[in-house]
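Asker: Sequence:
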Amino acid sequence: MKLRFREDGPIVIDLPEGSRFVLDGVEHTLERPKLALCRCGGSAKKPFCDGTHKRTGFRAPPGRLEVEG
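If you read the sequence shown in our numbering, its first letter stands for residue 6, the second for the next number, and so on.
Source of the hints: derived by calculation from the structure; they are not laboratory data. In this text the structure is predicted, and so the values were computed from the model without any measurement. One should not assume that every hint holds.
PhoX-like, lysine-lysine: derived pairs with alpha carbons at most 25 Å apart [stated by the list, open to error]:
#1 K59 - K7
#2 K39 - K59
#3 K39 - K50
#4 K7 - K50
#5 K7 - K51
#6 K39 - K51
#7 K39 - K7
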């Protein structure tokens, strides 16, 4: 699994299409191979990114985290 911290934007998680995750006790299946999580704190769709960071002037450095195993 790879997590990409977009410069001034969300955390993007690269997962295989069809992956499943549980949010607040409800299981979901990914329709796309990426999941964007808010890191600016302003999204109305938390924990997911809704693009609010673009309007608020959020600033954060880019980065990458890879998890194996």
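Asker: None of the hints should be skipped; say for each whether it holds.
Answerer: Structure-based check of all given hints:
no.: 1; hint: K59 - K7; verdict: holds, 23 Å
no.: 2; hint: K39 - K59; verdict: holds, 19 Å
no.: 3; hint: K39 - K50; verdict: holds, 16 Å
no.: 4; hint: K7 - K50; verdict: holds, 22 Å
no.: 5; hint: K7 - K51; verdict: holds, 20 Å
no.: 6; hint: K39 - K51; verdict: holds, 16 Å
no.: 7; hint: K39 - K7; verdict: holds, 10 Å
The earlier numbered hints are all upheld by this structure, with none contradicted.
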